[in-house]
Amino acid sequence: MEPQDEVAQIVAAWKLERPDLDSSPMFVLSRVSRLARHLDLERRRAFASHGLEPWEFDVLSSLRRSGAPYALTPGTLMGELLVSSGTMTNRIDRLELKGLVSRSPSPEDRRVVLVSLSDKGRARVDSALATLLECERTILGPLDAEARQQLATQLMRILAPFDRAHSCT
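Using my numbering, the first residue of the sequence shown is number 473, and each one after it goes up by one.
Honestly, I wouldn't trust all of these hints.
Stated by the list, open to error - Computed beta-carbon distance windows for the label pairs:
hint	residue 1	residue 2	range
1	Gly-558	Pro-491	46 to 56 Å
2	Thr-559	Gln-622	29 to 39 Å
3	Thr-548	Leu-488	49 to 59 Å
Hints were generated in silico from the structure; no laboratory data involved.
Values in this document were obtained by computation on a predicted structure and should not be read as measured data.
Built from N, CA and C at the ideal position, the CB exists for glycine as well.
Using the sequences and the accompanying hints, generate a full structural model.
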């Protein structure tokens, strides 16, 4: 028998009220939704402990993952982070004011602007990443390595169509 939690109680209530509907997807997806809310809170706490907002971490980590010299065009950042040009400009402006990034012309084409991770930005994102990964290890603590891999594989199968289409319809 499946352990009882709030989701199981909700599904049981729906089965009573709407026995004509198959509510079984809720067993998985409602738990994923609840977990996503908890993960968001934990990520925010991890980033806040390093003086970062989630969006700041996202921009800084995109630059960090790009490898030395840790510089990308605003357009590349927009594509990675799925934000508009206005949003990206605002984010770069705010990070630049904090001394976490800088803008400079590309050495190959001075018409192109590069956003570069500063030493301060690199130190901040590196320390925030270490905290985040420790937090995520704790969250996944109840699962052994094999269970983690199986879960990752199954979640990837569910996410793949969304990542390709960005839509449910």
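Here's how the hints hold up against the structure:
For the hinted restraint 46 to 56 Å between Gly-558 and Pro-491, the CB-CB distance of approximately 49 Å keeps it satisfied. About 36 Å separates the C-beta atoms of Thr-559 and Gln-622, a value consistent with the hinted range of 29 to 39 Å. Separation of Thr-548 from Leu-488 is about 52 Å and conforms to the stated range, judged on CB atoms against 49 to 59 Å.
In summary, this structure violates none of the numbered hints.
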